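Here's the letter readout for the chains.
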Amino acid sequence: MATTLDHTIAQRQHNWLSAIVASQTFWVLIAVILACIFLSFSTDSFATTKNLYNITRNVTFVAIIALGMTLVIITGGIDLSVGSVLCLCSMVLAVTMHAGYSIEVGIAVTIATALGIGLFNGILIAYLGFPPFVVTLGMLSIARSLAMVASNNTVVFQFGPDHDKLLALGGGAWLFGIANPVLYMVVLALLTGFVLRWTKFGRHIYAIGGNEHAATLTGVPVRPLKVAVYMISALSAGVAGIIQTGWLGAVTTNIGAGMELQVIAAAVIGGANLAGGIGTAFGALVGAALIEVIRNSLGLLGINAFWQGAFIGGAIILAVLFDRIRNLRQSE
Amino acid sequence: MALLELTNISKHFGAIQAVNDISLSLEAGEVTGLMGDNGAGKSTLVKMIAGNFRPSHGTMRMEGTDLVLHKPVDARRHGIEIVHQDLALCDNLTAAANVFLGRELRVGMGPFGVLDYASMYKRAGQIFAELKSETRPRDLVKQMSGGQRQAVAIARTMLSQAKIVLMDEPTAAISVRQVAEVLNLIRLLRDQGLAIVLISHRMPDVFAVADRVVVMRRGRKVADKKIAASSPEEVTGLITGAIEQV
Chain S
1 MATTLDHTIA QRQHNWLSAI VASQTFWVLI AVILACIFLS FSTDSFATTK
51 NLYNITRNVT FVAIIALGMT LVIITGGIDL SVGSVLCLCS MVLAVTMHAG
101 YSIEVGIAVT IATALGIGLF NGILIAYLGF PPFVVTLGML SIARSLAMVA
151 SNNTVVFQFG PDHDKLLALG GGAWLFGIAN PVLYMVVLAL LTGFVLRWTK
201 FGRHIYAIGG NEHAATLTGV PVRPLKVAVY MISALSAGVA GIIQTGWLGA
251 VTTNIGAGME LQVIAAAVIG GANLAGGIGT AFGALVGAAL IEVIRNSLGL
301 LGINAFWQGA FIGGAIILAV LFDRIRNLRQ SE
Chain Y
333 MALLELTNIS KHFGAIQAVN DISLSLEAGE VTGLMGDNGA GKSTLVKMIA
383 GNFRPSHGTM RMEGTDLVLH KPVDARRHGI EIVHQDLALC DNLTAAANVF
433 LGRELRVGMG PFGVLDYASM YKRAGQIFAE LKSETRPRDL VKQMSGGQRQ
483 AVAIARTMLS QAKIVLMDEP TAAISVRQVA EVLNLIRLLR DQGLAIVLIS
533 HRMPDVFAVA DRVVVMRRGR KVADKKIAAS SPEEVTGLIT GAIEQV
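Just so you know, the protein sequences line up as chains S and Y, in that order.
Per the numbering used here, the first sequence runs over residues 1 to 332.
Per the numbering used here, the second sequence runs over residues 333 to 578.
FYI, nobody ran anything at the bench for these hints, they're computed from the structure.
Note that this is a predicted model, so its numbers are computed, not measured.
Among the clues, some could well be false.
In silico SDA-like cross-links for lysine to any residue, where the CA-CA straight-line distance does not exceed 20 Å [what the hints assert, rightly or not]:
1) Lys200(S) / Met441(Y)
2) Lys403(Y) / Pro221(S)
3) Lys200(S) / Arg223(S)
4) Lys558(Y) / Glu337(Y)
5) Lys403(Y) / Arg223(S)
6) Lys200(S) / Lys454(Y)
7) Lys495(Y) / Asp406(Y)
8) Lys474(Y) / Leu274(S)
9) Lys403(Y) / Pro224(S)
10) Lys474(Y) / Leu328(S)
11) Lys474(Y) / Ala22(S)
12) Lys495(Y) / Gly219(S)
13) Lys474(Y) / Ile325(S)
The following label-pair restraints were derived from C-beta to C-beta distances [claimed, not checked]:
14) Ile30(S) / Gln493(Y): 48 to 58 Å
15) Ile30(S) / Gly371(Y): 50 to 60 Å
16) Ala19(S) / Gly396(Y): 49 to 59 Å
Beta carbons: idealized from backbone N, C-alpha and C, even for Gly.
Could you build the full structure based on these sequences and the hints that come with them?
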């Protein structure tokens, strides 16, 4: 044998550089950086502390849910209910605390609500074989309706004895002037990235998305894992809801409306493949960042806000177009 | 004593009787060719041995003790490995990840262990070398040839000290040269003292490598004899029903 065994084992299809350059996430990241550089020079208001503080904080709510959504998308599923779940969870938190309970009780009840919804979605999808699209579309309607029932469709802006604690949790900046939501996002992203790369759970999620039948045959506990993934997705919406409530200081029954589409867009722009098997935590953040930079820059450049949808939609198609071109070249 | 002894095994799905009252014994160091037309019950029988299905009736005994399998993991624990017809590979994962799918190596404490990439790459590389395959552990399965994919699927069976390897149509969709490789591999496993069950439609392959041939038709076993005492013509007759039973 010309090559030793160790050499064969060490051989890769790509070195680290070509692997990075070949990834969609990398190019979207470049786009984000270029856009930021361009905006710093062309506007006076972009590279100000206040605007950067705003951007980073605005990114977080979509980004945190996109982390959960990425797990769902990796398994080949989809969760359309996250916007409504965010609304319901915010409302449960608001109503509980308004009724005089402490913030700890409020958060516990909220997280239990989120996990309960995820469990319901997951069981229907994994054990009863419902298409994820249908179950979560139903939940999109149900959760928002429940939020209206819980609040009688009013705005809640008084959160009982722990009112100030909740506002500090979401609106404060405890570390180096970085907005709290950003800290939560970074911690959750690191956690998600670690789980995907280094745990059996993460490996099995990729396997389910790659070939669910093969995963079942090789003894991967496919059904419990799918339930877990939908619970995590709902949990991420619940966590984002808690933080957003603290930041906004008020909850209405229309928060998070249409958010599921932004979240899915962030995941897809960041490189997650809706066919399953591909996606990263970092990609979810980068995708969310690109969407927010587009929104922010249109405002700063004085472009009519009605154009926002066109630019974000264009970004989705462009990001996936790069991926398609690469695949076409590979298959030739 | 037989390595694996099936006694009066039946399996029905609702009204459909897929496997009907089959008794079969597997010996160590023997290749058993399992033949039959589509729908004869070959795959169902093999999936019961592999723990994918539970028999409706009948018993399985391994090395003299009763064998009850609830899921594929149970079968593996008893040293029963299967190579599925579609190979059951995840295209989006590396060769090593596929070899270790469902039994990943970890380092660290109990439930907090992290994936042990280094050891998995190393072990997978050693197995591919044993199989004389050019497959590289870090390559994505997506970009592999049919023969390499086969090697990945077979490498799975060599992770643990297997006693029985079930192969479902391993030579169905690969090139002539690769068929020869796979048949050599089967001989290699047999010489290590494993019992091999080879499901195949390809008469030449079965006669080239098997020691014994079992023929199934409509869920029943219609023949079970030494390969030397049979002939392709007889087996064809048994498969089609031209010969009722021997």
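Here is what the structure says about each hint:
1. Lys200(S) / Met441(Y): The hint holds at about 13 Å.
2. Lys403(Y) / Pro221(S): holds (10 Å)
3. Lys200(S) / Arg223(S): Holds, at about 15 Å.
4. Lys558(Y) / Glu337(Y): OK: Lys558(Y) and Glu337(Y) at ~17 Å, within 20 Å.
5. Lys403(Y) / Arg223(S): holds (14 Å)
6. Lys200(S) / Lys454(Y): It holds: about 18 Å lies between the C-alpha atoms, which stays within 20 Å.
7. Lys495(Y) / Asp406(Y): Holds. Lys495(Y) to Asp406(Y) sits at ~14 Å (cutoff 20 Å).
8. Lys474(Y) / Leu274(S): holds (17 Å)
9. Lys403(Y) / Pro224(S): Given pair Lys403(Y), Pro224(S) holds - Cα atoms ~15 Å apart, limit 20 Å.
10. Lys474(Y) / Leu328(S): Status holds; Cα separation ~14 Å.
11. Lys474(Y) / Ala22(S): Given that 20 Å is the threshold and the Cα spacing comes to 16 Å, the pair holds.
12. Lys495(Y) / Gly219(S): holds (19 Å)
13. Lys474(Y) / Ile325(S): Between Lys474(Y) and Ile325(S) the Cα gap is close to 17 Å, so the pair holds against 20 Å.
14. Ile30(S) / Gln493(Y): 48 to 58 Å: With Cβ atoms ~50 Å apart, the hint holds.
15. Ile30(S) / Gly371(Y): 50 to 60 Å: holds (55 Å)
16. Ala19(S) / Gly396(Y): 49 to 59 Å: With Cβ atoms ~52 Å apart, the hint holds.
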